[in-house]
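Assemble the complex: chain A is given as a structure, and chain B must be docked to it using the hints.
Here the protein sequences come in this chain order: A and B. The first sequence begins at 1 in the numbering used here and counts up by one. The second sequence begins at 1 in the numbering used here and counts up by one.
In short, the hints are calculated from the structure, not lab data. The C-beta atom is built at its ideal place from N, Cα and C for all residues, glycine as well. Mixed in with the good hints there might be a few duds.
Each pair of labels, with its calculated beta carbon distance range [said to hold, decoys possible]: (1) K55(B) - R273(A): 32 to 38 Å; (2) R65(A) - E60(B): 48 to 54 Å; (3) R426(A) - P23(B): 55 to 61 Å; (4) G183(B) - R273(A): 40 to 46 Å; (5) Y6(B) - R606(A): 50 to 56 Å; (6) P103(A) - S80(B): 55 to 61 Å; (7) M191(A) - I203(B): 37 to 43 Å; (8) Y6(B) - D85(A): 50 to 56 Å; (9) E133(A) - E60(B): 53 to 59 Å; (10) T539(A) - S100(B): 37 to 43 Å; (11) K185(B) - A84(A): 55 to 61 Å; (12) Y6(B) - H664(A): 34 to 40 Å.
Here are the simulated DSBU-like cross-link-like pairs (lysine-lysine), alpha carbons at most 30 Å apart as the crow flies [what the hints assert, rightly or not]: (13) K315(B) - K138(A); (14) K646(A) - K133(B); (15) K39(B) - K30(A).
Example chain A residues on the side facing chain B (calculated, C-beta under 8 Å, incomplete) [claimed, not checked]: (16) S316; (17) T599; (18) M639; (19) A643; (20) R647; (21) V663; (22) V712; (23) D716; (24) T720; (25) R727; (26) V731.
Here's the letter readout for the chains.
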Amino acid sequence: MKFDTPATTNPIDRLRVVGKPTDRIDGKYKTTGTAPYAYERHDVVANQAYGHIVGAAIAKGRIERIDLAEAQAAPGVIAIVTAADAGPLGKAQTNTAKLLAGPDVQHYHQAVAIVVAETFEQARAAGALVRVEYARAKGAYDLAGAKSGAATPDKSEHPDSAVADFAGAFAAAPVSIDATYTTPDQSHAMMEPHASIASWQGDKLTLWTSHQMIAWSKRDLAKTMGIPAANVRVDSPYIGGGFGGKLFLRADAVMAALAARKAGRPVKVALARPMIANNTTHRPATIQRIRIGARRDGTITAIGHESWSGNLADGSPEMAVQQTRLLYAGANRMTRTRLALLDLPEGNAMRAPGEAPGLMALEIAMDEMAEKLGMDPVSFRVLNDTQVDPEKPERPFSQRQLVKCLQDGAAKFGWDKRAAKPGTVRDGRWLVGMGVASAFRNNMLMKSAARVRLNDKGVVTVETDMTDIGTGTYTIIAQTAAEMMGVPLDKVVVKLGDSDFPASAGSGGQWGANNSTSGVYAACAKLREAVTAKLGLATDAVFEDSRVKAGGRSAKLTDAARDGELVAEDLIEYGDLDKKMQQSTFGGHFVEAAVDSYTGEVRIRRMLAVCAAGRILNPKSARSQVIGAMTMGAGAALMEELAVDKRFGFFVNHDLAGYEVPVHADIPHQEVVFLDEVDPQSSPMKAKGVGELGICGVGAAIANAIYNACGVRVRDYPITLDKMIDRLPQVA
Amino acid sequence: MKPFTYERAATPADAAASAARTPGARFIGGGTNLLDLMKLQIETPPHLIDVGHLKLDRIEDTPEGGLRIGAHVTNTALASDARVRRDYGVVSRAIVAGASGQLRNKATTAGNLLQRTRCPYFYDTNQPCNKRKPGSGCGAIGGYSRQLAVIGTSDACIATYPGDMAVAMRVLDATVETVSPGGAKRAIPIADFHRLPGSTPHIETTLVPGEVITAVTLPKPIGGTQMYLKVRDRASYAFALVSVAAVIQRDGSGRVAVGGIAHKPWRVEAAEADMPRGAKAVAARLLAGAKPTQDNAFKIPLVERTLAAALAEAKAA
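Only chain A is shown next, with the shape it has when bound in the complex (with noise of 0.2 Å):
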């Protein structure tokens, strides 16, 4: 089905099942134990041995010798695998570093080797007989140092942006800012570690795993096995997390399929805590310059944002600036991207690439300008809404609530509450104060596709390689099929993340509800089709109760599979529409923060988030991801840094005693509105994705509260009680 013309009135807008808050489907597997992840596959195979990977301890430089004996000699050791044995490996475009190291090392905890033994113990304990002896190269660790030899970026497609003259206009501001913001790298630390069980039959190879994207997987193992991408397939029904950390293939994969080839039977691989951060990729740091000119009466006239991040060669730069060449208005602007060459592990997509830093960078600028110009900030954002592309003033917006999502926040958080001045809300010992902060992100459209069965128990059977990374899928998944084919949801059943079911989205950049569903709805229609077909029904029938309607017939849903299943597989593919009107999503975010005015600590109250991202398809669930997506904005606000070693060139702190998330006494009480909107440019669904719209912003919103609350501006993410420490208040 090609989307091309925005939706009209079609089933989904019956909303009997779609639009419920439905409690997940899987959620009984999952808290029962029940729904088996990656490494807890014992039953797909038989004979599992056990792999373990060994990490590079250098970060760059070059593997010398390698002695195995050993290792070799070690109890229950079936095989090892390092680059001398591995064969030619081809690399994914996906992959910036390689996946095994070998002679070169490229980066800290780059894999060096597997050890495959008969217990998972003795795999470990034989990993650690493995010698390497290295030879250390130079190597540029440190963003700031490397900031001045920074280029331009060739992969990216947009680096820079300019619309008349933003230095002029800067220049010529009364009122303006110019300050830089920094954020740190940062783990995807979720909580299911990477992980897969590779087996050969022949020249063919199964990988259970865990995944977000099942067809970048299978394709990006093909090419980097160096086989044909028929011969494998990929399996991740259930996934415990991943955040963009499982968005590309990965040594799990890769050491466990090499492994199992040597060791002539299947074998499993997790990464071990300590080796995600550095093995992995992570959300890079940036450095961002805004400046921001304005009339005294709070319009913008020059916005300018420049981003400077790192990472390996050929690698991509995080796209910080992104959001603000839509967010504003203004007549004169500039964006900038510039790469440094960082010999750190190499740097990718996290959960809300580009606009996640970037919003932490811009809303605390809007906020300082606010301020300057004796503006609610609150007011200071609605004066400079847009309901264009403010680069291209012809291309309006689908959909567009930014300024609702604000005053309807404001309202319901109790703005008006707030003191304009900071440091002068005390309770007891703690300064208290609010924050707010716009959240956007852009609407990906990507074409998926699935299959529908119908049996005649009118069961409605969906198959498609989409996966459910934690988020709802399986759920909205099925409330769109039940929807569709007039059933109720527990005659749904849905199968995912199997590489021979239909390619659909995938699960990543907020792309996948929106667009999985819209492949269900578009194999259900085709489905509806063969079923009134069958029925000798009109097409334009009625699905519902379990019966299908047209003409004053109905007949049972169930009859149309009397003489067989009935099969039926499509994909949802897009026109221009995104080209001529831009899809986006909108936030408000509300944050009450205290500080304490003795140790600088903080502790957030409250939090509020109002979002306007098209139709909610399942409002718990959409639920569910904003909070958890506030619960990490909070992280990044307040504690999450990969610590950069500058000398030996690692993240120190790489386990999760040492790279701290929020634990539930960090996370207060959190609300979250959705407003009516249904988007019909987006697909049939008229939803778009909600999935990350919850984190951006929020690191602003609550850096603004602080700042409310004790008078301390800081401008370098984590806002930790050290960068403060000397600006509160003196005490007795």
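Chain B in isolation, oriented as in the chain A frame:
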């Protein structure tokens, strides 16, 4: 984890004797720290001696009016004991400020005293660390040291002692009771129990090889307002940036020990004379000679401000 042998000791003296027979042997209590370190091969004991069945799990009154806490009393049991909560609130508060409920259910009194540093260079076997591998150098000096020590450090090591309970015990002048391999018993004042790193940071306590902790005794209660203020980057389940164990009397006199800043719970009794003069005066003497790094210089004002918070809280109590 390297393969190891295991035995369950029957008496403290047997445990000590067995340890003396097997070089590199380790006692295992709750295992909440040791097992993690073994998985990472930071600890590689060839032999484990389980001291969890020595009937050292009782809290008893002492003739002197104090409490004798068996080495194997769990953190949960100790923190929730009615006598501890009534008379030694600082201990109870310190314990519940640490770890998680699950860990406190397993962690023991003796094991907690012996908790090893959380310095990230100690935890990464690719990195130099004089504590893990004597003579290999210190990765933390000149590296990432935000969490690490500001006082009592050496050129060999800037690690901190990470625990909370021992800081409270230090402020109460607890005593550590032990049995040596030869059967001799001794009582070590907690002030002398943990060592500063000096040139031998791998030797963390004054215990001799094979010496088993049997109990910790607390002197008779000293009253006062007892507080444990733990400052950290998140609200729970994190090691202290700085912690303050304080016992403040009505007349403004008091005691203070500080965690998170040194290789041992840090207390300078002479500084306590300045308690009535306020936090600034006390902190100045408590931290005299501190040598922070650029990363952790904030701990100096943080100690003073956290102590000020404690004094203010005591005044309001």
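Would the hint on T720(A) stand, with a C-beta cut-off of 8 Å toward chain B? holds, 6 Å
Status of the given 32 to 38 Å range, CB of R273(A) versus CB of K55(B): holds, 37 Å
Close enough to count: is the Cβ of R647(A) nearer than 8 Å to one in chain B? Holds. Min distance 7 Å.
Is the straight-line distance between the alpha-carbon of K315(B) and that of K138(A) 30 Å or less? At roughly 56 Å apart (the allowed maximum being 30 Å), K138(A) and K315(B) break the hint.
Does the closest beta carbon of chain B sit nearer than 8 Å to the beta carbon of V712(A)? Cβ of V712(A) sits 13 Å from chain B, so the hint is violated.
Classify the hint on S316(A) as holds or violated, based on whether any CB of chain B lies nearer than 8 Å to its CB. With a closest approach of 27 Å, the S316(A) hint is violated.
Whether the CB-CB distance between G183(B) and R273(A) falls inside 40 to 46 Å: Holds - the Cβ-Cβ distance for G183(B) and R273(A), about 43 Å, lies within 40 to 46 Å.
Supplied contact hint for T599(A), tested at 8 Å Cβ to chain B: With a minimum Cβ separation of about 5 Å from chain B (threshold 8 Å), the hint on T599(A) holds.
Do E133(A) and E60(B) keep their Cβ atoms within the hinted range of 53 to 59 Å? Once the Cβ atoms are compared, 57 Å apart, the range 53 to 59 Å for E60(B) and E133(A) holds.
Identify whether the interface hint at V663(A) stands, where standing means a beta carbon of chain B within less than 8 Å of its own. Result: holds, 5 Å to nearest chain B Cβ.
Per the CB criterion, is M639(A) less than 8 Å away from chain B? holds, 5 Å
Would the stated hint for A643(A) survive a check requiring a Cβ distance to chain B of less than 8 Å? Status holds, d = 4 Å.
Hint check: violations occur at hints 2, 8, 10, 13, 16, 22, 23 and 25; the rest are consistent with the structure.
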